[in-house]
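Model the full structure from these sequences, guided by the hints.
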Amino acid sequence: MANPVAQAGRDARLRHGWWRSHRFLILRRCSQLLILLTFLSGPLWGVWILRGNYSASLLLDTVPLTDPLMMLESLLAGQWPAWLAWVGAAVVLTYGLIGNRVFCGWVCPLNPLTDLAAWLRRRLGLRQSATLSRRLRYGILLMVLAGSALSGSLLWEWVNPVALTGRGLIHGVAGDAAGWLCGLAAAFGAGIWLLLALFLFDLLVVEHGWCGHLCPVGAMYGVIGSQGVMQVSAQRREQCTRCMDCFHVCPEAQILREPLLSPDAPPQVASDACIACGRCIDVCAENVFTITSKFHSSGAKK
Amino acid sequence: MSRQRDKAPARRRFLRDAARSAAGLAGIAALLGLQQHQSQARDGLALRPPGALAEGDFVNACIRCGQCVQACPYQTLKLATLLSPLAAGTPYFVARDVPCEMCEDIPCVVACPSGALDPQLSDIDQARMGLAVLLDHENCLNWQGLRCDVCYRVCPQIDAAITLELQRNPRTGKHALFLPTVHSEACTGCGKCEQACVLEEAAIKVLPLSLARGQLGGHYRWGWQEKQRAGQALVPEGGQLPAHGVGEGK
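Line by line, the protein sequences are chains A and B.
So the first sequence is residues 1 to 302, counted in my numbering.
So the second sequence is residues 303 to 552, counted in my numbering.
Hints in this document: simulated from the structure, not taken from any laboratory.
From a predicted model like this one, the values you see are computed outputs, not experimental measurements.
We treat Cβ as the ideally placed atom computed from N, Cα and C, and that holds for glycine.
It is possible that some hints are incorrect.
[Claimed, not checked] Label pairs and their calculated CB-CB ranges: (1) 440(B) <-> 59(A): 49 to 59 Å; (2) 399(B) <-> 45(A): 21 to 31 Å; (3) 223(A) <-> 439(B): 35 to 45 Å.
Shown next as structure tokens:
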């Protein structure tokens with residue numbers, strides 16, 4: 001009945017073809033790459049689309065964007081940011097309108113690395129995983145915020161691997177290959193070892209360990225996006241064959257259980273844990289999932 | 303068969319625990335190794351960009367966006383990494399490598415969205431990135447009676463931030479020493495003097511203000527200033543101090 005983990009998505013690929021069973025994955029990688037390129041086009045070719053990095057940036061020299069967690073830390077540490085940073089925090093509102101952790105799935109530069117660890121896990125059949133609470137990230141988020149207020153510093157920013165990855169990739173740019181290598185080494189510094197440790201942690205210790213259990217940046221975006229408009233919905237769940245493919249690929253598999261398997265629960269995957277990656281839509285051979293707006297009234301029984 | 307089944311979970315658990323321990327230990331080892339690496343880090347003294355708030359405030363206000371780094375036309379600024387001596391992600395420069403070129407329009411300050419680089423700073427000559435200090439006069443060529451003068455010549459504030467103070471050269475008895483002397487009221491801490499110093503290791507170095515400046519105790523008064531303010535000596539002049547040994551010979 002249930003498919004093997006290593007073959008998650010095979011049914012969909014056989015039935016609907018390669019593109020249909022990978023489209024959200026491809027689109028997501030394109031989105032991540034495009035955003036990175038808009039950061040890099042300035043230093044590389046002098047075409048400035050996004051100045052700055054994932055912590056804060058300026059779009060086309062007009063629209064500021066600010067990481068809300070960084071902003072909150074700075075505020076709690078006792079600094080009143082300049083107005084540009086405040087306007088940048090308006091991204092929080094725009095973001096909240098889209099919904100869930102879209103940042104995690106579609107923007108975060110760390111996501112390809114943690115996805116790689118999860119993919120390797122499925123491929124290599126690594127099933128063992130230490131138990132760690134998914135709610136831990138909210139604890140860490142609170143700790144970071146309270147800690148910033150108590151210590152009067154941006155507590156999280158010393159180790160923040162999301163910001164670290166962005167800084168390394170963006171500030172390591174150089175025109176030629178050799179310069180790029182040196183630049184990356186200088187821009188990442190010791191941070192590269194933190195990323196390696198994080199990758200190994202995801203691969204060997206806890207399944208979806210970083211994004212799914214620890215990252216307070218994702219937790220923050222989840223809280224903000226929880227009331228967002230866009231939601232994944234198990235619209236045609238009566239067609240579900242319990243093949244478990246979606247559970248195997250979903251980085252937050254626990255959130256699928258209710259919408260998919262409980263006939264009494266609403267079909268929307270409304271959890272703030274959903275990173276809106278759309279992989280469940282890709283791998284489902286039965287076309288159970290769709291993306292709906294929050295206001296969409298589904299035909300499925302509520 | 304049942305024995306087989308009993309054995310499998312135990313073996314699996316053993317393997318799982320072993321793998322976990324190994325991974326955890328590898329992680330810890332990596333971190334500790336990094337710590338060791340950090341203690342060997344030597345990339346000179348790090349200075350903040352012009353207009354930076356006082357160090358504590360700066361670190362809290364800076365949102366690590368690196369826009370100042372991108373705005374700098376001379377690639378002076380870098381971003382601190384995980385194990386830098388400075389907070390990760392904050393901008394700095396090392397004067398000996400690339401000093402601040404003192405742009406009149408101060409693009410780094412203009413680019414800063416958070417106010418960590420004070421937008422009030424409009425005159426680069428008012429920047430106080432640090433303070434140049436002639437740390438090692440024993441190796442300074444000018445102090446040996448030679449005419450190097452490089453730090454003085456390259457100073458954008460020549461004759462204000464660095465002057466050459468003449469002193470008799472006691473070694474030759476007939477020449478002068480031209481002693482480079484930094485004046486804190488004009489020095490911006492741009493670091494050009496440190497970068498230009500001809501020694502293998504610069505004798506003049508730009509230190510962060512917190513390191514470079516002493517602080518007078520609040521209770522101190524300079525007698526000559528008080529005298530000037532009062533318009534007269536504060537103690538009656540011509541008084542006789544008790545003198546020891548007078549009349550007893552030398």
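Hints and how they fare:
no.: 1; hint: 440(B) <-> 59(A): 49 to 59 Å; verdict: holds (54 Å)
no.: 2; hint: 399(B) <-> 45(A): 21 to 31 Å; verdict: holds (26 Å)
no.: 3; hint: 223(A) <-> 439(B): 35 to 45 Å; verdict: violated (59 Å)
Consistency note: the structure conflicts with earlier hint 3 alone.
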